[in-house]
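**Student:** Each chain, written out:
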Amino acid sequence: MGVWGRCEPHHDVRVLSVRGLDVRYGRSVRALEGVDLEVGADSVLAVLGGNGAGKSTLLRAVSGTLRLHGGAVAAGEVWFRDERVDRLDPAQIVRRGIVAVPEGRQVFARMTVEENLRAGGLGARSAAVRAQARERVAELFPVLGERSSQRAGLLSGGEQQMLAIGRALMSGPELLLLDEPSLGLAPQMVGRIARIVGEIHSQGTGVVLVEQNATMALDVADTAAVLEVGRIALTGTAAELAASDDVQRLYLGGHAESAEQAEAEQEEARAHRAGRTLSRWAG
Amino acid sequence: MNTFLQLVLNGLGKGAVYALLALGFVIIFKATEVVNFAHGSLVLIGGYFVYATKDALGWAGAAALGIVSAAVAALLIERLLITNARNADVNSLALLTIGVDVIVTEEIVRRLGADIPFVGDPYDALPLQFAGLTVFRTQLVALIVGIVLITAFFLAFRFSTWGVAMRAQAENKEAAALMGIRSSRVTATAWLLAGALAGVAVLFMATQDFSGAGLGRGTHAIALIAFPAAILGGLDSTVGAVVGGLIVGLTEALSAQYISFEFSKSAVFLVMLVILVIWPSGLFGTRELSRV
Numbered sequence: 001m002g003v004w005g006r007c008e009p010h011h012d013v014r015v016l017s018v019r020g021l022d023v024r025y026g027r028s029v030r031a032l033e034g035v036d037l038e039v040g041a042d043s044v045l046a047v048l049g050g051n052g053a054g055k056s057t058l059l060r061a062v063s064g065t066l067r068l069h070g071g072a073v074a075a076g077e078v079w080f081r082d083e084r085v086d087r088l089d090p091a092q093i094v095r096r097g098i099v100a101v102p103e104g105r106q107v108f109a110r111m112t113v114e115e116n117l118r119a120g121g122l123g124a125r126s127a128a129v130r131a132q133a134r135e136r137v138a139e140l141f142p143v144l145g146e147r148s149s150q151r152a153g154l155l156s157g158g159e160q161q162m163l164a165i166g167r168a169l170m171s172g173p174e175l176l177l178l179d180e181p182s183l184g185l186a187p188q189m190v191g192r193i194a195r196i197v198g199e200i201h202s203q204g205t206g207v208v209l210v211e212q213n214a215t216m217a218l219d220v221a222d223t224a225a226v227l228e229v230g231r232i233a234l235t236g237t238a239a240e241l242a243a244s245d246d247v248q249r250l251y252l253g254g255h256a257e258s259a260e261q262a263e264a265e266q267e268e269a270r271a272h273r274a275g276r277t278l279s280r281w282a283g
Numbered sequence: 001m002n003t004f005l006q007l008v009l010n011g012l013g014k015g016a017v018y019a020l021l022a023l024g025f026v027i028i029f030k031a032t033e034v035v036n037f038a039h040g041s042l043v044l045i046g047g048y049f050v051y052a053t054k055d056a057l058g059w060a061g062a063a064a065l066g067i068v069s070a071a072v073a074a075l076l077i078e079r080l081l082i083t084n085a086r087n088a089d090v091n092s093l094a095l096l097t098i099g100v101d102v103i104v105t106e107e108i109v110r111r112l113g114a115d116i117p118f119v120g121d122p123y124d125a126l127p128l129q130f131a132g133l134t135v136f137r138t139q140l141v142a143l144i145v146g147i148v149l150i151t152a153f154f155l156a157f158r159f160s161t162w163g164v165a166m167r168a169q170a171e172n173k174e175a176a177a178l179m180g181i182r183s184s185r186v187t188a189t190a191w192l193l194a195g196a197l198a199g200v201a202v203l204f205m206a207t208q209d210f211s212g213a214g215l216g217r218g219t220h221a222i223a224l225i226a227f228p229a230a231i232l233g234g235l236d237s238t239v240g241a242v243v244g245g246l247i248v249g250l251t252e253a254l255s256a257q258y259i260s261f262e263f264s265k266s267a268v269f270l271v272m273l274v275i276l277v278i279w280p281s282g283l284f285g286t287r288e289l290s291r292v
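First to last, the sequence lines map onto chains W and G. For the first sequence, our numbering begins at 1 and goes up steadily by one. For the second sequence, our numbering begins at 1 and goes up steadily by one.
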């Protein structure tokens with residue numbers, strides 16, 4: 001696919017481009033600061049980071065839902081292909097081809113699986129796109145077909161995650177944003193979700209994968225970035241990051257059993273590094 | 001026995017009208033989380049337009065205009081006050097609708113002056129006799145119209161694109177936005193629809209048969225019965241609104257006959273209290289449905 005990108009010089013290979021993004025919640029809470037990120041056409045970008053690093057905020061900024069959380073873009077720009085999208089509303093952004101799967105899945109619990117998928121198709125640009133997406137979702141997630149008349153709230157966690165991804169694919173996006181799809185799932189299911197992400201990518205949809213589970217994320221991703229307290233701390237190819245000492249120690253080494261533990265370890269590592277570089281923390 | 005059947009039929013007819021009001025009330029609540037205390041004034045706006053244009057347009061034309069004007073009035077409240085105050089607390093918005101209700105009601109009452117007109121010309125005060133029963137024609141027409149409109153609503157709510165979008169947004173605003181559902185369109189149609197239903201309801205409320213209260217404060221007071229109907233059914237349940245409306249209509253009719261007319265209004269609220277003590281979120285109100 002990358003070859004195709006080079007064949008058409010007018011077609012920018014960067015699909016999504018985040019430039020100098022500052023996001024605030026209210027007047028004082030600065031959630032993102034000067035974030036620059038690029039997602040290539042047809043690639044998977046993993047965004048790693050602990051709790052409160054700004055990962056979800058980044059996805060909200062791209063999908064236009066910051067306002068629903070009392071946040072706003074204070075500075076910087078978000079471009080999709082050759083259009084600036086940071087001032088569009090969520091519905092317009094979906095119609096441009098960016099769709100997000102929010103953290104915690106957020107399926108419509110009281111509606112059936114079929115109705116959830118139907119809701120997902122409401123943002124499709126045409127009936128043809130929707131019909132094509134419907135087939136793709138049926139192929140990717142046969143289990144959803146078996147459960148089509150069941151209420152979504154009664155599905156297992158893994159099935160809900162599949163429904164959430166399937167629902168997002170219903171409008172035929174070019175770029176899929178996933179917010180911690182592995183959260184709260186059994187290891188086996190995490191592997192399955194990872195394979196599905198890989199498959200979606202191989203079918204030509206770009207993916208931004210926000211994760212705390214770095215092993216899984218770096219396994220699927222081409223490129224990766226690490227967010228730390230609202231700033232990009234590291235970027236590189238997934239292989240480079242997987243090999244980097246910092247990422248090893250912070251996100252791959254510990255195998256944290258809980259979010260609290262992960263955070264404590266990160267805090268420790270951060271202090272450790274700060275000790276190396278900033279004299280006022282020394283002693 | 002005949003008296004009882006008669007009461008049930010007339011009670012259901014009234015209940016169908018309460019159901020139309022409560023349904024509108026619940027649709028607005030589901031779409032915007034705002035408790036619309038201005039619902040009674042929407043009823044008056046619809047009725048006022050019927051009264052003011054009846055002579056010029058004929059009853060049917062005036063009735064159509066009344067329904068449209070109530071719908072437009074609801075849309076105006078939504079566009080001018082609710083959407084503009086996007087970050088306002090829903091409770092402040094509910095209080096805002098009380099303000100709208102007072103202003104509109106006072107203005108219409110002032111315009112009507114000494115008049116308290118009836119607006120149900122084709123069917124009002126023409127009781128029907130059959131099988132030994134006497135049934136108010138207004139209540140019978142109301143029951144039929146209610147069944148048709150409520151059925152149409154539920155079909156659309158369940159199967160149409162609009163229904164899917166509306167339910168998705170009512171359940172999870174953020175997820176709906178992420179699906180590309182245009183929230184302002186959903187809320188606008190919800191208010192329009194609720195206003196139109198209020199416009200239909202007034203055609204039966206401001207009649208000799210329904211309560212003897214013509215258009216004015218009397219009709220407005222009757223519209224307030226939609227609150228207990230919606231609340232006892234469950235404020236966020238469309239089915240609950242319809243069931244609640246019918247319970248209220250029956251309670252009112254039966255208690256007026258068997259206890260006393262004066263007691264019938266209190267009976268409605270007593271029934272509501274009893275139901276809320278047993279089911280705190282109403283008969284069909286949201287109970288958490290999720291598996292973790």
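Incorrect hints may have been included.
What follows is a list of derived Cβ distance ranges for each label pair [what the hints assert, rightly or not]:
no., chain 1, residue 1, chain 2, residue 2, range
1, G, Gly99, W, His69, 25 to 35 Å
2, W, Gly20, G, Leu95, 38 to 48 Å
3, G, Val68, W, Arg27, 26 to 36 Å
4, W, His69, G, Leu126, 40 to 50 Å
5, G, Arg86, W, Ala138, 37 to 47 Å
6, W, Thr112, G, Gly218, 43 to 53 Å
7, W, Glu135, G, Gly99, 44 to 54 Å
8, G, Ile278, W, Ser156, 10 to 20 Å
9, G, Ile147, W, Thr112, 50 to 60 Å
10, W, His69, G, Arg185, 41 to 51 Å
11, W, Ala128, G, Val68, 54 to 64 Å
12, G, Pro280, W, Arg81, 49 to 59 Å
13, G, Ile147, W, Asp219, 53 to 63 Å
14, G, Pro280, W, Thr112, 24 to 34 Å
Honestly, the hints are just simulated from the structure, not real lab data. The beta-carbon is built from N, C-alpha and C at its ideal position, and this holds for glycine as well.
**Student:** Evaluate each hint against the coordinates.
**Tutor:** Consistency of the hints with the structure:
{"no.": "1", "hint": "G/Gly99 with W/His69: 25 to 35 Å", "verdict": "holds, 29 Å"}
{"no.": "2", "hint": "W/Gly20 with G/Leu95: 38 to 48 Å", "verdict": "holds, 42 Å"}
{"no.": "3", "hint": "G/Val68 with W/Arg27: 26 to 36 Å", "verdict": "violated, 44 Å"}
{"no.": "4", "hint": "W/His69 with G/Leu126: 40 to 50 Å", "verdict": "violated, 58 Å"}
{"no.": "5", "hint": "G/Arg86 with W/Ala138: 37 to 47 Å", "verdict": "holds, 38 Å"}
{"no.": "6", "hint": "W/Thr112 with G/Gly218: 43 to 53 Å", "verdict": "holds, 45 Å"}
{"no.": "7", "hint": "W/Glu135 with G/Gly99: 44 to 54 Å", "verdict": "holds, 52 Å"}
{"no.": "8", "hint": "G/Ile278 with W/Ser156: 10 to 20 Å", "verdict": "violated, 33 Å"}
{"no.": "9", "hint": "G/Ile147 with W/Thr112: 50 to 60 Å", "verdict": "violated, 26 Å"}
{"no.": "10", "hint": "W/His69 with G/Arg185: 41 to 51 Å", "verdict": "violated, 22 Å"}
{"no.": "11", "hint": "W/Ala128 with G/Val68: 54 to 64 Å", "verdict": "violated, 36 Å"}
{"no.": "12", "hint": "G/Pro280 with W/Arg81: 49 to 59 Å", "verdict": "holds, 52 Å"}
{"no.": "13", "hint": "G/Ile147 with W/Asp219: 53 to 63 Å", "verdict": "holds, 59 Å"}
{"no.": "14", "hint": "G/Pro280 with W/Thr112: 24 to 34 Å", "verdict": "holds, 27 Å"}
Of the numbered hints listed earlier, those contradicted by the structure are 3, 4, 8, 9, 10, 11.
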